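Novice: Next come the chains, spelled out residue by residue.
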Amino acid sequence: MRIIPTYAVMADLGLINTFTGLWLPLIASATATLLFRQVFVAIPDELVEAARMDGAGPMRFLWDIVLPVSAANIAALFVILFIYGWNQYLWPLLVATNPRLDTIVIGIVKMIAVETNTDWGMVMATAVLALLPPVVVVVLMQRWFVAGLTEGEK
Amino acid sequence: MATLELDGLRKSFGATEVLRQIDLSLVDGEMLVIVGASGCGKSTLLRIVAGLESPSAGRILLDGRDITSVDPAARDIAMVFQNYALYPHMTVFDNMAYGLKIRGLAREDISKRVGDAAALLGLSEFLGRKPRQLSGGQRQRVAMGRAIVREPKLFLFDEPLSNLDATLRVHTRAEIRRLQKRLGVTSLYVTHDQVEAMTLGDRLLVLHQGRSAQFATPMEVFDRPADTYVASFIGAPAMNFLPAVLAGGGAAARLDSGPLLPFADGKREGPDGKALTIGIRPEHIRIDPTGLPFHIDLVEPLGSETLVHGRLAAPGETSLVIRLAGRAPDGEVLTIGFPTEEIHVFDAATGRRLV
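Going line by line, the protein sequences match chains A and B.
Counting from 1, one number per residue, gives the positions in the first sequence under my numbering.
Counting from 1, one number per residue, gives the positions in the second sequence under my numbering.
Okay, chain A solo, but in the shape it has when bound (with noise of 0.2 Å):
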């Protein structure tokens, strides 16, 4: 339902087919903020104030004190997102008619297109070569992804 506002927001800022049309509805998560807001909310707030006494601005309290708090999360949150994007088939279908733009995802289908032509061999390939990346994502950020998911504090 977010699709048809999403793309006459696009539309009318000129980015449909444009790489920045495909990567930037993604941007906004609710998921991301939702998380992040969980995360921020547990920071106590005499960190903030020891952070102030300390003569730390706002800032400064940032990028010193609440992204290394919030490291495991901001990892557990780039691999929920990353494969979320990885996946999207509808939205680049939409926005992006320029086969130049197509992503893996649309590419692979597209090869299927003329079902008794298919060299499924290759389709196959594709997708096993599709899925590494995120395989790749998850097993290095595993770690941190259980981190950032289960654990609160600290």
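In short, the hints are calculated from the structure, not lab data.
Take these hints with a grain of salt, some might be off.
Only part of the chain A face toward chain B is listed, based on derived beta-carbon distances under 10 Å [to be verified]:
(1) A11
(2) D12
(3) G14
(4) P44
(5) D45
(6) L47
(7) A50
(8) A51
(9) R52
(10) M53
(11) G57
(12) D64
Derived pair list, reagent style SDA-like, types lysine to any residue, alpha-carbon separation capped at 20 Å [unchecked claim]:
(13) B:K130 x A:A71
(14) B:K112 x B:M90
(15) B:K153 x B:L46
(16) B:K130 x A:P68
Coverage of chain B stretches by chain A, computed from C-beta distances (three or more under 8 Å per stretch; other residues unrestricted) [unchecked claim]:
(17) 77-83
(18) 99-111
Just so you know, these numbers come straight off a predicted model, no measurement behind them.
The C-beta atom is built at its ideal place from N, Cα and C for all residues, glycine as well.
Could you slot chain B onto chain A? The hints should help.
Specialist: Below, chain B without anything else, positioned relative to chain A:
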């Protein structure tokens, strides 16, 4: 090296008055303990001095400089928080050094100051650790270290011992006092624990419902409490109170339970029959064969002494607690007397001490 002066400080949150008119002044190197029950405004007072809250009225003068509207970091004040508020992702060294880095001190200077503070607190071997790898007592010392390295004019302690277990608390209490004396830094210390208040403070400020109930040395507060609230708050078990009226032209009090107690320290003003509250500490009540009968409800032996709970047989059945050296005598009834030189006289209407 600094003096602190609070001048007519008030604070309201909406319609709720949290602090009403706090005036006090600290001399250089003094340790003032602010004590009171929870909700009395003591933490708010500390946070106002720290600059984390702004007062609704009044001024704060540090070394004669008005810092009422100065940014917390520029006040030259360091604070130790109740839960320590250590930065969880930084090592002990970085925790202590953070404020100095922001101030732009040279690297060697920072290392030296942090090294000195760590040595002073026995933290030298933990400098590379993260807070979560430390015990409660060690974290507490890191929090102290973070305050010390800044070489502030004023230390603020917000119930720094309340998260420690009992043994460690006694130890750390002595350590804080030793350190504060050695560094000679003027300090404000907030606590609800009367033992901390008595042992740590050069002077006490007893806060009650946002007002200063008494501002004096610990022994003065103990010996001459300004009102019944202070009298019941300082001392454990709490002071006993007995209803009485003024008698003998102001020279004595007649307890509602009968006996006449002449005042050992002079007359009190007021007409005979004026309602009084007589206070007497549990340890001052004596066993006296000619005294009042006292029914024992409960005996709590503490080894070196015994607490006896009970009530007077006479009208009113006032409950009392008595602290006796040694063991409790057998039987269900004691006869007790009140040494007149140990009694405290309060106005029953206002609760104020009658001198």
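Novice: Does G57 (chain A) pass the interface check with chain B, least Cβ-Cβ distance below 10 Å?
Specialist: This interface hint holds because 9 Å falls under the 10 Å limit.
Novice: Does L47 (chain A) hold up as a contact with chain B if the rule is Cβ-Cβ below 10 Å?
Specialist: holds, 5 Å
Novice: Have a go at the R52 (chain A) hint: is there a Cβ in chain B nearer than 10 Å to its own Cβ?
Specialist: holds, 5 Å
Novice: Take the shortest C-beta to C-beta distance between A51 (chain A) and chain B; is it under 10 Å?
Specialist: This hint holds: A51 (chain A) lies near chain B, its Cβ roughly 8 Å from the closest one there, short of 10 Å.
Novice: Please verify that hint: M53 (chain A), Cβ, nearest Cβ of chain B, below 10 Å or not.
Specialist: holds, 5 Å
Novice: Residue count check for the segment 77-83 of chain B against chain A: does it reach three with CB-CB under 8 Å?
Specialist: holds (count 6)
Novice: Would you check whether G14 (chain A) satisfies its interface hint, that is, whether its CB is within less than 10 Å of any CB in chain B?
Specialist: violated, 43 Å
Novice: Starting from K130 (chain B), check that the Cα of A71 (chain A) is at most 20 Å away, please.
Specialist: Holds, at roughly 16 Å.
Novice: Is the shortest C-beta separation between D64 (chain A) and chain B less than 10 Å?
Specialist: Interface hint status for D64 (chain A): holds (7 Å vs cutoff 10 Å).
Novice: Checking C-beta pairs, does the segment 99-111 of chain B have three or more residues closer than 8 Å to chain A?
Specialist: holds (count 3)
Novice: Just to be careful, I want the Cα atoms of K112 (chain B) and M90 (chain B) compared with a cutoff of 20 Å; is the pair within it?
Specialist: holds, 18 Å
Novice: Interface hint check: A11 (chain A), Cβ to nearest Cβ on chain B, cutoff 10 Å. Holds or violated?
Specialist: violated, 44 Å
Violated hints, listed in ascending order, are 1, 2, 3; each of the other numbered hints is respected by the structure.
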